[in-house]
Every structure is written in structure tokens, then in C-alpha cells.
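2 protein chains.
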Amino acid sequence: MEKLKIAFIGAGSAIWSSTIVIDLLINEGLKDKNLEIWLMDISDWRLDLIYGFAKRYIEEMKSSARVFKTKDRGEAIRDADFVINSAMAGGHSYYEEMRRVSEEHGYYRGINSVEWNMVSDYHTIWGYYQFKLTLDIARDIEELAPDAWFINVANPVFELSTLVTRQTKVKYIGLCHGHLGFLKAVEVLGIRLAEEKLGERINALCAARDPKGYATIFKVVDPKDLEVEMSGFNHVIWLTKFRYAGEDAYCYVDEWVERGAEEYWRVWREHVSSPFDIDLSPAAVDMYRTYGLLPIGDTVRGGTWKYHWDLRTKQRWYGPLGGPDSEIGWAMYLAHLRSRLESLRHAVMDTSTPLVRRFPPRPSGESLVEIIEAIVNDNPKEYYSLHLPFPGAPTIPVPIQVNVPNKGALPGVPDDVVVEMPVKVDGKGVHRRPLTPLPKKIMNYVILPRMMRMEWALEAFLEGGRDHLFNWLIVDPRTQSTRQVEETIDAILKLPGNEEMAKHFS
Amino acid sequence: MEKLKIAFIGAGSAIWSSTIVIDLLINEGLKDKNLEIWLMDISDWRLDLIYGFAKRYIEEMKSSARVFKTKDRGEAIRDADFVINSAMAGGHSYYEEMRRVSEEHGYYRGINSVEWNMVSDYHTIWGYYQFKLTLDIARDIEELAPDAWFINVANPVFELSTLVTRQTKVKYIGLCHGHLGFLKAVEVLGIRLAEEKLGERINALCAARDPKGYATIFKVVDPKDLEVEMSGFNHVIWLTKFRYAGEDAYCYVDEWVERGAEEYWRVWREHVSSPFDIDLSPAAVDMYRTYGLLPIGDTVRGGTWKYHWDLRTKQRWYGPLGGPDSEIGWAMYLAHLRSRLESLRHAVMDTSTPLVRRFPPRPSGESLVEIIEAIVNDNPKEYYSLHLPFPGAPTIPVPIQVNVPNKGALPGVPDDVVVEMPVKVDGKGVHRRPLTPLPKKIMNYVILPRMMRMEWALEAFLEGGRDHLFNWLIVDPRTQSTRQVEETIDAILKLPGNEEMAKHFS
Chain A
1 MEKLKIAFIG
11 AGSAIWSSTI
21 VIDLLINEGL
31 KDKNLEIWLM
41 DISDWRLDLI
51 YGFAKRYIEE
61 MKSSARVFKT
71 KDRGEAIRDA
81 DFVINSAMAG
91 GHSYYEEMRR
101 VSEEHGYYRG
111 INSVEWNMVS
121 DYHTIWGYYQ
131 FKLTLDIARD
141 IEELAPDAWF
151 INVANPVFEL
161 STLVTRQTKV
171 KYIGLCHGHL
181 GFLKAVEVLG
191 IRLAEEKLGE
201 RINALCAARD
211 PKGYATIFKV
221 VDPKDLEVEM
231 SGFNHVIWLT
241 KFRYAGEDAY
251 CYVDEWVERG
261 AEEYWRVWRE
271 HVSSPFDIDL
281 SPAAVDMYRT
291 YGLLPIGDTV
301 RGGTWKYHWD
311 LRTKQRWYGP
321 LGGPDSEIGW
331 AMYLAHLRSR
341 LESLRHAVMD
351 TSTPLVRRFP
361 PRPSGESLVE
371 IIEAIVNDNP
381 KEYYSLHLPF
391 PGAPTIPVPI
401 QVNVPNKGAL
411 PGVPDDVVVE
421 MPVKVDGKGV
431 HRRPLTPLPK
441 KIMNYVILPR
451 MMRMEWALEA
461 FLEGGRDHLF
471 NWLIVDPRTQ
481 STRQVEETID
491 AILKLPGNEE
501 MAKHFS
Chain B
507 MEKLKIAFIG
517 AGSAIWSSTI
527 VIDLLINEGL
537 KDKNLEIWLM
547 DISDWRLDLI
557 YGFAKRYIEE
567 MKSSARVFKT
577 KDRGEAIRDA
587 DFVINSAMAG
597 GHSYYEEMRR
607 VSEEHGYYRG
617 INSVEWNMVS
627 DYHTIWGYYQ
637 FKLTLDIARD
647 IEELAPDAWF
657 INVANPVFEL
667 STLVTRQTKV
677 KYIGLCHGHL
687 GFLKAVEVLG
697 IRLAEEKLGE
707 RINALCAARD
717 PKGYATIFKV
727 VDPKDLEVEM
737 SGFNHVIWLT
747 KFRYAGEDAY
757 CYVDEWVERG
767 AEEYWRVWRE
777 HVSSPFDIDL
787 SPAAVDMYRT
797 YGLLPIGDTV
807 RGGTWKYHWD
817 LRTKQRWYGP
827 LGGPDSEIGW
837 AMYLAHLRSR
847 LESLRHAVMD
857 TSTPLVRRFP
867 PRPSGESLVE
877 IIEAIVNDNP
887 KEYYSLHLPF
897 PGAPTIPVPI
907 QVNVPNKGAL
917 PGVPDDVVVE
927 MPVKVDGKGV
937 HRRPLTPLPK
947 KIMNYVILPR
957 MMRMEWALEA
967 FLEGGRDHLF
977 NWLIVDPRTQ
987 STRQVEETID
997 AILKLPGNEE
1007 MAKHFS
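Chains as they are written, first to last, in this note's numbering: chain A, 1 to 506; chain B, 507 to 1012.
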């Protein structure tokens, strides 16, 4: 009997993998496909953890799927139909060391954080091992499973996607869930419509994250009447289309910015509990005012140093936690990952409580398994359904959004640069459509500088040599002297574990 | 029919109150007492939240208890049998403003943070409104419910307890759960015994917070054979007795410090997910080496500036999050509170899931309701049972630990200073016993300076006048000039909301 082999590389990213494993097991379209899940990681305990999870979950669901674990990447990849990669070479603590050393030399949040790339685990110029690992995986696929789809969620998605699609022939899709941030534009729409249609002021309720506010939104907003388009580079995408019931809905955003934003921020600052809760922050609104479109998802985390000089600056623009990429927000994120990992360990060990009780069999909201299903069953899809965790909330159609080489879709961007865009997926793969052009301000001050940094990072990885690091740092506004640049490079290359990288850049 | 009226002042501290409400409803000894729960708060939405929670929980439990809500403190207190206070005057954001202004003037973490009082919501010298509120509540009790027990959990417990017991005649108990930190000494004991008796090395497992490690501990440690004693001031308590199976168990601590601590810290630094996870941190061990006894619970958060100069210093001693009182740890704590409050709001609103499913009817581990039960039923208690959330873990006897005027129990401390100590509780109230004296080093370098700060804070509150603030700051090692002191006082007293406080200190 034919089988469907799905390999997880870096499966020990256990929180994420467990989510996708559940999505795979509950997807109706994959139930009769003789599913084989191959879990691969280099860490024994992480591999055992996700394997233990998957095994028990399959048993509890009485699924016919089979699960395997291996530390041999080739074994996982050989003859796979899909290879899902979430591996981070070195793990978080390795990059935190480079951040520490960078900060000692005057580079707050690390030499890697630059304009439009402030996300703390989007490892570009210092991502030597991550680039190498991802390219190696792609080459393994070329050799051992040439027909497989390589679905990569490991960051930096923009750089790695462009690298892999230029250097190999694998069938490639880069994925991220940042585009779900468009839901916050829907919140703004709902706030305004609630006032217009019901005479209800829910602005402060929503800012306080009160579920009553969200319940009201879905009395006035029918998700089926929404039309959105987002494009740009991964982590740098913009809401190029925002229509409701056939009309442009940006006017509601303008109204809210004018009349609601200040009140919203006052309440939000008192209630915000997640550093990632910044979609409607002063930074987002300032970017909208400056560049002309709403920045979506992780895009808000970027921007120039205007938003990022230091903790106080970040707190002004991103709220009391300073956003996810401040020293506070990032520590919270890493601690949150550890804490969820700890809970997962407890859950897998405690056989007295079924896993399905703790991790209910419900779709995660990730598009990954929806895309796999569309390809496997040649089931054309432009949208998938998102179920919000509010009692009574309607399902929301979300565009299938992928990172693939531009090939003419977004005007002004070269064909071989990977763009994040909405597409149709079916048995033949990904189908692009022409995209709304981005405004000139975004092209000039966002897309071009970000693309330049991507090209520099790829060149540094492919060519090697110290000059690349020097050129990266000499344009950094934090740089005060040539000596600072040289000393910083020395300090980073001298770190334990960086021996090979040091040779590469010598 | 006689009733048992229990009033919650500051009931809108909803996470905490909901815990105690559950404890009250499930306590077997209180089931037939015709329980009346009175919830009082000045915030409408917080009061509605905890009232909504209690009402539904009572219904789901089919309890005969009745619950009432009021914004009138007098109504809640009148004829109560117990008044539980958890009110924080002004709420967290008010104190964060004073911290911000202090930091602008060179006082990292605020003028309130001083030697042995680094806990970020232990508001002493800037706690004018908090002192006033707590004393007002005590006076209301004197007038409206003179026979009631006043159980105060609001911080600063040390200062407020001494203030209230000196200034009023109420029957008073101050409570805190910091003494539960002694469980980490049990962890050390278990790590050593596992190696001694089973030949199993679980040091790294425990440091990684792996539940397998804890399961092993309870194979070799029988909690019934433990004997512990802790005393000192609230948040400054020390393990004066640590015996196992009739023998001194401090030798296991010494062994672990010698052979296990370094490895433990290496692993713990990689896994720590809560800023409060510092009981076995380098700071705790350094305090043990310096002062001769293990610091317990929040005591570890204190110490001199040696552990607290700046974020880097805190990270060295308390791990990557810098402990709960760093800018990272404290932001995490406040965000955590908000996030739990948000979950509670969801839970109370979502009537499709029973509250008892989300908040199972199990004892919280807090001693408060155990103490109430002992008093109500004249049921003498020196210990209560703690149920750890690990499958198969035994129950652990925990000493009843309260904050009451010393009255000779702890040698070297005046009678009218409140001491945290183990006691027996019964229908007549609290019964002290003679305590093991504290070593001279702790008396000189910890107890005396901390007591001095308490007296200064009480005097500042009772007498008023700017000199008290000046005297507080002029001995602060962060102070560089007299001008800095004057400007800091001005800036704090000029804050909106501080008008009355400014008058008091003028």
C-alpha cells in the first residue's frame, strides 16, 4: 500500500511539532493516506519527548498513522513526500551568547539586529551554521527524496528561502504565521462598526482584551465579507488590500487612528500581558502614518532604530514590555518556550491524564497541514479556515500565504528573490497571481534596504571572508569607530563553538 | 442559625481570592458552618469578576455557602468572623510610576528597594497610602467587628503587621507563603540521598525541572521524617532547623554545595522558565556561605546590593531572568498576573465549560483556610498537608507559619516587633513556642538593618515630615549628592495621585 511519508527535521522543537502532529492526525483529507511520521532531531531527550507525545496521541486517537524516530537525517528524508524543517542550529542559547558579546561592544540586541530586521531569532549575518544546516537539508532532499516538498518554517525564512531556491532544485515553500496579524485590522473594523451600527463603544473593552469586546465584533463583522491581501518579504509584509462588503475598509482604520487609538493605548498599556501584543501599538500606527499601509504581524517588530534605540524607546512604541525584541520581551519569550516544554514533559510523563484532554484535537490555525492536504489530494485552495478560541466566534477564511521566488508577482522585486504572497495551492504546487504593487515609500525605505541586507547575508555565507562582516558593521549607526568593528568581529569569532565560522570569515 | 462571615477586602485581587474561595468551599471542617463570603473591592469590574467566579463555583459545587459583593468596606466588615485583606492601594501601576521616576534620578528599581528589601511590591518608604489603608481597615474592624480575626496577606507584611499590632487591638495574623521555599532544601536532600541509597545521579534532572527527578526524590525521602524550623522577619526568614530521620540534614546541603551546585546551575541556567525559581541559585548559596543558614523563600530575593547593583549583577546571581525583581523578572510577573486575570475573565464568561474543570476543587497549598478551620473548630494545628502536583507525590506536612508580635519567642528581637514563626493555632488563637536563636551574623547584618528600615518606615508614616525621606535616602549607596536626594523627593511627591502624601511629608 502506498504511504505518505512526512519527515520532521528539528522535530525536537517540540511545542511546534506537537501542534503540527495533531493537525496531521485530525485532518480528514489525510485519514486514509497511510501516514508515516518521521521525527528527527540531534537531541535525545527532545526527540524522545516528541516521539512519546506522538505515539500516545496516535494511540488515544486510534489513528492508523505510524510514527518513527531517528537521529539520522538521511533516514528521515529518504523517499519522504514532505520534509518539514524547524531546526535551529545551536539552539537559542548559542545566539544569546553572541548577543551578549555584541552588547559588550556597543551593539544593543546584537550585530544581527538592523533596520527592518529586529526580530531576535531572525539570524542573518551571524547565522552561518543555520544557513549551512538548511542548505545541507535541501541538498539531502535533492539526493534522497527529489520529488519531496521542502516546507521550511525555520528562520530567517526570507534569507533561507532565497538561498535554498537559488542554490538547489528542491520544490520549496517557506512558511510563517505572521500574516494572521491581519486579524487586528479586523478588530479595528469591528470597533468602528460596533459604534456605527450598534452605538456600542467597545474600544476600551478590546484594548483590555475583554472577551466581551470580541463577542461584539462578530455581531457586526461577517468574516465572509472580508477581502485582504498582504505581501512583501517575510516579517516585512503590508496590508495592500483591506476591503469589507465590497468597499475599501482603510477608512475605518483612519477613523480609529484619529478617534480611538489614544484611548486604546492607555487601556492596553495597563492590560497588556504578552510582549507580542503589538499589532495596534503606537509603533504600528506610526509605521502606517509613515509608509502608508498597515504593517502586518512581525513587520511591526521591525522598522528603523527610531523604534529600537534602547529599552525606553521600545517601551514608548511597543508598550511596557518593550515588544518581543526588548531584553524583557525576549527573556519572556524564551522563558515561555521553556515553561511550555516543561508542561509538555509533565503531560507526556503523567499517563493518568489523556493527552487529548490537555491538547484537544482541534486545528491549530497553522496553514502547514492545509497546504499538505491541498497538494496530496489535488484540492485547490486559496484560503483555509481559522477557528478563534472564543465561544461563538465564527470561522475566518485566511489566505494561504507562502514564501516563494517572486517570478514577477510583486512589481519591482527581482524574480529570484523570495516574496511572501497569497497563492493558490493544488496538486501541481503553488500558483502565483499578480500582486498589488507596494507604494513607493515602502519600496524605497523598506523593501530595498531589507533586500540589500538579505543579499549581503547570503554573499557573506556563500563567499566567506572577513570583509563581509566589516561591511555589515561599518554602516551600522551604533558603530563609533573602526576599532569597535574589528574588536566586535574578533570577540564573536572567538566564541567557543564558532571555530568553523571563524575559519569561514578569515 | 449561626453563620460564619468571612470578608475579603481587596477581593478584586481575583487570582488570589479565587484560590481562597475554593479552599473555603472544599474544606470539610467548614461545610456545616453556614458560610457567608463577603467580597469587597473598589473596582467594579474586578469585584464583578470574583463575584461571578464565586457564585458559579458555589452553584457547581452545590455548596450551601452564600456570596455577597459590596463596595462598602464597613458593610463587608460589620460582624465578620474573619477579615482577609489583600488590598494594594493604588495598584501595581501606581508603584511602577514611582519606580520610573526614582530610576530617572539614579535609584535603580526605586528608592524603596534597599538592603534586605529588594522585593518589588514590598512598598515601605513610598507605601504611605498602603500603610494608611491597612490601618484604616484595622480600625474599622476594631469598631465594627471587634471579635474578628484580621488576617492580612497584603505586603509589606512585616511593616503592616508591626504597625497594626502596635496601633490597634485587633486579633491579628500576617500571612505569606514564602516558607514553602523549604521544599528546595528537601530537593537537595533528595538529590544526595538518591545518590547515596540508589546510586542515582538526579542532580541535572532536577535542575532541568524534569518530573522524573522529583519522582525519584520521593522514593528516598519520606516527608514524615522531616523536621524543619524557619524564623526571622517576613521575607527574611532562615532555616534554623533542618533534620531528617532524627539527624541534622545540613550536611547534605554542604555536600551538594561542594559537589553538585556548579553542575546544577549550568543546567538550571539553560532551563529556568520562572524568575521566581531562585531558591537554589548562586545567590542563595552565597547567602548560606556568608550568613551560615539557608535563606528561605523570598529571603533569597533580598540581600545587600552585592546581588542587585544592575541587571548583569542580578543575572549572575539569579540566572538569566535576573530573579523576580529585575526589570525582566518583574515585567514577567506583572504580565503573568494580567494574563491569569484574562484567563479568569474568559473562564467566567465561557459558561460552556464548568469552572470546576478549569479550576479543580483541590487544596491550594495556602495555609489561610487551614488556620481559619483550626480557630473555628478549636482544632489544634501545628502543620497542614501540602499536595504537590506530581503524580504519586506524597503529602508533605508544612509548619503553620505566621507573622505576630515576637513577645519573647525569638531571642534578641523586641517584643513589639512582628516575627515570622511557626506556631500552634487553635480556638484561642496563636500559641508561640521558643525559637532557635539566629546566628550572630544574621542578627547583626540582616535582622538589625532590616528592623531599622522597618522602624524608619513606620516613623515616616506616623510622624510625617520631609526629614524622614531625606534620612532614608542619605544612607543609600546609590546616592551621590544631597541635590540628588532633594530632587528625587520632589519628583516623587509631585506625581499625580501623591498630593496627600506630599502634604504628609511637607
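Hints in this document: simulated from the structure, not taken from any laboratory. This one's a predicted model, so the numbers in the text were calculated from it and none came from an experiment. For every residue, glycine included, the Cβ atom is placed at its ideal position computed from N, Cα and C. Please note that a few of the clues may not be correct.
Output of the computed footprint for chain A on chain B, the stretches with three or more beta carbons under 8 Å from beta carbons of chain A [stated by the list, open to error]:
1) 686 to 694
2) 712 to 721
3) 773 to 780
- request: Check each numbered hint against the structure and report the violated ones by number, ascending.
  value: Going through the list in order, the structure violates hint 1 alone and respects the others.
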